[in-house]
Amino acid sequence: MYRIAVLISGTGSNLLSLIEDSKATGLYEIAIVVADRDAKGINHASENSIPYLVLDRKDPLLSDKVLEAVKGTDLVVLAGFLSILKGQILKEYKDRIINIHPSLLPQFGGEGMYGLKVHEAVLKSGKLISGCTVHYVNEDVDAGRLILQSIVSTEGATTPEELQARVLGKEHDTLTTAVRMLAMEGSTRGIR
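Take 1 as the starting number for the sequence shown in full-length UniProt numbering and just add one per residue.
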């Protein structure tokens, strides 16, 4: 079975989508959930008997502790994980760490671009579309190779919260689709 680790920082709505999708498709299993703070999303792991670990986002060894926690998994999925991974995990899991970002990268990405800040910037720019991007994680924030994108219209969205709600609906489908694709690809290459 293709095994994934899911990293979260917040409510875990993308985590919940992955839990439901893994049960529905049987293409992958969530081996562990790691949070970089006492995140509400941990409840989803607990309620579904998925092992979880809560770390301190201010710990200078955070990335090393995440690496230790995810050992033995095939893919690391950043699902609203706000800490920046550095060091050895990026080498050992090269092309096996993915992130969901709430914009159409390369636009509105990079250090400091997360949450409502992204949607505020999109609305301020006057862009007619926005969306979300699943991409590989590398040393540069939001600069890894793109895997999948979904588009939403910004028309009629007057607040960052409205746009965020639209994009979040697409995030769930886009992230689960990307994980399914990678799980199927991994299965054909003999990864679990």
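Read the hints as simulated data drawn from the structure, not as lab findings. A virtual CB, placed ideally from N, CA and C, is assigned to each residue, including glycine. Please note: incorrect hints may appear among the correct ones.
[To be verified] Pairwise CB distance ranges, derived in the manner of DEER restraints:
#1 Lys71 with Gly126: 32 to 38 Å
#2 Glu47 with Gly26: 17 to 23 Å
#3 Glu155 with Gln88: 26 to 32 Å
#4 Asp38 with Met184: 19 to 25 Å
#5 Ser153 with Leu61: 22 to 28 Å
#6 Ala165 with Glu185: 30 to 36 Å
[To be verified] With a straight-line Cα cutoff of 25 Å, these simulated PhoX-like cross-link-like pairs (lysine-lysine) come out:
#7 Lys91 with Lys65
#8 Lys58 with Lys117
#9 Lys40 with Lys58
List of violated hint numbers, smallest to largest: When the structure is compared with the hints, numbers 1, 3, 4 and 5 turn out to be violated.
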